[in-house]
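A.B. asks: What follows is the residue order along each chain.
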Amino acid sequence: MMEITLNHYLVLSTILFAIGLVGVMRRKNLLMLFFATEILLNSVNIAFAAISHFYGDLTGQMFAFFVIAIAASEVAVGLGLLIVWHKRHGNIDLDTMSTMRG
Amino acid sequence: MFDHILSILIFFPALAGLFGFVIQKDSVRAYGVAVAAIEFALSLWLWYAFDANVSGMQFMEFLPLVPAFGINYILGVDGVSLFIIILASFFTMIGIASLSDTKNEKNMIITLLFLQMTMVGVFAALDAIVFYIFWELSLVPMLYIIGAWGGPLRIYASVKFFLYTFAGSLVMLVGMLFMAYYFYQATGTWSFAILDWYRLILPETFQLWLFVAFFIGFAIKVPMFPFHTWLPYAHGQAPTIGSVILAAILLKMGTYAFIRFSLPMFPDASVFFMFPIAVIAIIMIIYTAMVAYAQEDIKQVVAYSSISHMGVIILGTFALNVEGITGSVFLMIAHGVVSGALFLLVGVIYDRRHTKMMSEFGGLAQVMPRYATVFGLMLMASVGLPLTINFVGEFLSLLGFYKQSHILTLLAGVAIIVGAIYMLAAYKRMFFGNVTNEKNKNLPDVNTREWLALIPLAIITVWLGVYPKPVLEPINNSVESIVQLMHEKSITAEAKERIPNLIKDAEAATSAQEAH
Amino acid sequence: MEFYLYLALFAPLAGSLFASLFGASKKNLIAGLVPSLLLFTSFVSSTILLVHILSGGEAVHVEMMTWMATGDLYIPFGFLVDEVSVTMMMVVTIVSTVVHFYSIGYMDHDKAFNRFFAWLSAFVFSMMVLVMSDNFAGLFIGWEGVGLCSWALIGFWYHKESATWAANEAFIMNRIADLGMLIGIFLVYWNTGTLQYNEAFAAMPSLETDVLVWTGIFLFIGAMGKSAQFPLHTWLADAMEGPTPVSALIHAATMVTAGVYLVVRANPLYDMIPEVGIFIASLGAFVALFAASMALVNRDMKRIIAYSTLSQLGYMFVAAGLGAYWVALFHLMAHAFFKALLFLGAGNVMHAMHDELDPFKMGGLKKAMKWTFIMMTLASVALAGIFPLAGFFSKDLILEVAFIEHHYVIYSVLLFTAGLTAFYSFRLVALIFHGEERYKLFGVHPHEAYKFMLIAMSPLLLLAIIAGAFKMTYFEMVTAVLPATEYHVHSAMTYWIMTIGTQLFVILAIAYAYKKYANSNVKVPDGTSKMENRLCYKILSNQYYIPYFYEEYLVKPYRELSAVFWKQVDLKVVDATVDGIANIIYTTGEKTRGMQSGNLSTMLKWMVVGTVALLTLAVVFGLAVRYSVEINAILSALGVK
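Going down the list, the protein sequences come from chains H, W and Y.
Anchor point for the first sequence: position 24 equals 24 in this note's numbering, and the numbering is continuous, going up by one each time.
Anchor point for the second sequence: position 366 equals 366 in this note's numbering, and the numbering is continuous, going up by one each time.
Anchor point for the third sequence: position 358 equals 358 in this note's numbering, and the numbering is continuous, going up by one each time.
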């Protein structure tokens, strides 16, 4: 059986990041956008944890926790806003949210 | 108190302007006149206290602003800037005094007072950053004056004026920053003080680049061909008072800055660029004079004539000898007085007829003989007739440049011909002939308020034309020190040769006398 | 003596200022009288100065105050009364005093009586500055000052289009010459270091010939403008639009002779450059003939006299160019007297004929205007150079000078011109005063001018007759500062042949003029006669088509080019470029603002694009740094570096 190296983790991280990125770009539903953002953040987390493990330096893992914390708070605020928006407009479609049009 | 005369001169009008907001609408004009008169009296005191025999800076003030970067509040005047400051306060005074009925008079007067602060600030500043701040600030009141009280195209004209000059001065700012950085490299301390920069000898390549950077900023302000097109719009749309101040003072910032920055800081580059600039100056002189001849609108004639005269000033400046530079500084004053007066005169007829098209007039000499007389006097001054103020400046500028090039001076001298052509043609169209337009039949002649502005200008025009010494002497002394500085600083052999060495000349003269 | 100098100089200025106080008010006799009296004072002072100089006194030299001083340049208001300038002062003050008193009558009915005297006296002041200055800059002040006054006086009746046009033409044409003058002054300054006459002339012998030649040429260009020499001559004839006293004073006696004065004043310079002198003399001879030929056929009384002035100026330049400065000055003086007289007489005729200028429409006026007739005839005799009137002594002298200096071509041209002069002068006299009374056809009732006008003219008449008698006194005086060359034909025989021959030739010309124009067959030309359809007549009456040429090939192109510069170049190229640059920025902004539509997903897309671009850049640069050695090797192998 093949040994799992750092590269595998990084590839996985990259794939996840790409999925998240596409999601960010293509999705019009705000909820889905949040999911995509979560994927992005978690792909980075994987990379952090993996690199941290391979170099024996705990800083990376520590950062992963930070990211998780930030993601959680972001989702908390974001979902709150999302619910307010939904109550007011009855949808959560991105294209309707352009009152700041340039 | 008079230790800080320059600061007072700068900030007094601004503070008075702030107070102006609480003044009653009806009395704001009297208030404005009073403030401007005090300011003018102070500037006259400055002249009185000014020691004409000292060539360097006087009334110096120093206040650290950002010492870490050598940015300080330094003020001072010499013979070059003294008279422009006086001119600025003088024109603000008579400008406010002769202000014709305008809407929002209060705003106008307050704006003018702020404008005065910036004008005096530019000419008194001896620190590049302070200079730059006032330089840019001066755009704001003028933008407001054109934009708020201008003609139908006022927004376009004011925005063009603002953006054009602003873009130019940004390049100048880069030059200043580089200059300070180079100063830091050379000496280990930061300094934006112009007098410090004077002592710095730059390698020629640096000079060339820096000269160009400064040149763009100044040339747009002057305005030099081909950067001049904002001026006709600005003049065409601006109210009378705006045109007067713009032509009399604001344009002089550019030419003044050439003498304050470019010449002493970059003597070799000045010599290097002398001929290209002279060619531009000649194009300005002849080309804009011809354009002026083609105009239909009397105000545009005066506006283009301004550009043409600025060409002579530039030429005198780049004569790089005492006669030429003194002449160009004097011509700045002269052109200020004369073009200011001409714009006021255009304003007189505009107030009566609300048109500036020459085809609407004709035969005005019969209806308004006094107006025609003053206009004639100013016209002759503009044409450069001896014993009027302009002649002294023009003569000296051309005389100075003749030392550098015969042919170019001959071409530049065409100024006296083409100037006569457009001015006389315009005068003929407006004043001669019979009154053909019914509306002109009963125009009132110049009234007291207008006389108030025109008589002092007429007196100055003749007085300084006959007896320019009180003004010429201080200018001469300061210019001599600048020229000497340039000669000593210059590196290239050509510059050493082109810029006269006054001390050697003086020594040679004395030794020749001893030999006798 | 300084007091008289200042009095002579500033009395006209005071008169001018006094009259200008009444500038805008109604006609006021005092506004004419006071300047005239002040001028008389000026005349008396000049006479005192003349007596002082004649009695061997020192030249009076004063320095009033500094005008300009900067660098090495020092220009004072300095005034000098020496033998040359006192001559000019006398000419100027005599003629202008006469013209002032005369004008009180002539301008009697004019609304702008006061303004007229203000300008006329201002002119005299400028002229005095011109002749009395002790330096080139002061000369230039007067030079431009007379130009200004001439502009204002030619265009005096400014409601007339032709008058204002002529005024502007005169001013601008003079300005062209003034540029030459200015360059000449610059040359003097940069080469001698001063503008004072005495110092500059003292420094000149050590200069290179080239410099001197250029200085001489440029100064002479200035003189050409004021003295209306070809090709800057057209303004003088057009200047006749001004009131006739103006023509008498400015455009005959004084201002137009300023050019001659300049050459005389700069005699040390022109003595050193005889080749320029020859040019001046040749041009003078050419103009003498050229102007006289145009006078032959002209049908405007004042223009005929103007051309005659032009022609006589040519004579003066011949003398000056050949180094006979005192002769030039002498002819200048004599000419001023009889030409002013002629003009004033013409003014009387114009008044009598209600401003009619065509002599063909006059005829037989000698009955109605006896005194004017006598005066004009005598002036014409003097002009023609008949013994013993003034013209004989001065003009024949110039012929002799040309002969003695061996310039036979110039001599013969001048001799021929003398005949022409006599012919056109008496053509004019004959047409105006003799023959049928053709004016009756036009319903005019001529009357003689006011008596005091005739009396005012009488000093000129007297001088026109006797000026020749002063020749030797004058010679002795003026040669104290001018080269004292006496011109004597070598053999007495030649002298008598020349003199009598010239006289006979001139008298024949006069007789021919009388025969042709004093008879009763003269008709008002209507464009059908054979002569009028001849080519040469057309050329002459159209002034060789030179004004046409100027209008068509200089003025019009200038006007059109100006319009092109404004409408095409300034608006469509220079300004359009600026606006174009501004527009590019505007449009870029307009196009790219779509990026920031506020739509979150679009913005996210752009964010991703930006990230990718930055990453790519980082990678590319990273690789480039990593492999820089290899890249350099490849590049140098390709010969790029």
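It is possible that part of the hints are untrue.
Pairs of lysine to aspartate or glutamate residues, derived as DMTMM-like cross-links and limited to a Cα-Cα distance of at most 20 Å, are as follows [as the list claims (entries may be wrong)]:
1) Y:K160 - W:D351
2) W:K403 - Y:E63
3) Y:K26 - W:E438
4) Y:K605 - H:D93
5) Y:K567 - Y:D579
6) Y:K361 - Y:D300
7) W:K469 - Y:D210
8) Y:K572 - W:E360
9) Y:K440 - Y:D579
10) W:K441 - W:E360
11) Y:K572 - W:E296
12) Y:K366 - Y:E356
13) W:K428 - Y:D210
14) W:K428 - Y:E161
15) W:K441 - Y:D579
16) Y:K556 - W:E438
17) W:K469 - Y:D526
18) Y:K605 - H:D57
19) W:K403 - Y:D300
20) Y:K111 - W:E296
21) W:K496 - Y:E63
22) W:K441 - W:E497
23) Y:K567 - W:E296
24) W:K428 - Y:D526
25) W:K403 - Y:E208
26) Y:K160 - W:D51
27) Y:K567 - W:E204
28) Y:K440 - Y:D526
29) Y:K605 - H:E3
Simulated from the structure, these hints should not be mistaken for laboratory data.
A.B. asks: Are the Cα positions of Y:K572 and W:E360 separated by 20 Å at most?
C.D. replies: Outside the cut-off at roughly 26 Å; violated.
A.B. asks: Given the hint that Y:K440 pairs with Y:D579, does the C-alpha gap stay at or below 20 Å?
C.D. replies: violated (70 Å)
A.B. asks: Does Y:D526 sit within 20 Å of Y:K440, going by the straight-line distance between their CA atoms?
C.D. replies: Holds: Y:K440 and Y:D526 sit about 17 Å apart, inside 20 Å.
A.B. asks: Straight-line Cα separation of Y:K567 and W:E296 no greater than 20 Å?
C.D. replies: holds (12 Å)
A.B. asks: Tell me if the straight-line CA distance from Y:K567 to Y:D579 falls inside 20 Å.
C.D. replies: Holds - the C-alpha atoms of Y:D579 and Y:K567 are around 15 Å apart, at most 20 Å.
A.B. asks: For the pair we were handed, Y:K605 and H:E3, check the Cα-Cα distance against 20 Å.
C.D. replies: Not satisfied, since the Cα-Cα distance of roughly 37 Å exceeds 20 Å.
A.B. asks: Mind checking the alpha carbons of Y:K160 and W:D351 for me, to see if they're no more than 20 Å apart?
C.D. replies: At roughly 28 Å apart (the allowed maximum being 20 Å), W:D351 and Y:K160 break the hint.
A.B. asks: Checking one constraint from the list: CA of Y:K26 to CA of W:E438, max 20 Å. Satisfied?
C.D. replies: The hint is violated at about 24 Å.
A.B. asks: Within a Cα-Cα threshold of 20 Å, do Y:K111 and W:E296 meet the stated pairing?
C.D. replies: Cα-Cα ~31 Å, so violated.
A.B. asks: Need the status of pair W:K403, Y:E63: alpha-carbon distance at most 20 Å?
C.D. replies: violated (27 Å)
A.B. asks: Y:K572 and W:E296 were given as a pair; does the straight-line alpha-carbon distance stay at or below 20 Å?
C.D. replies: holds (17 Å)
A.B. asks: Starting from Y:K605, check that the Cα of H:D93 is at most 20 Å away, please.
C.D. replies: holds (16 Å)
In terms of the numbered hints stated before, the structure departs from hints 1, 2, 3, 7, 8, 9, 13, 15, 16, 17, 18, 19, 20, 21, 22, 24, 26, 27, 29, listed from lowest to highest.
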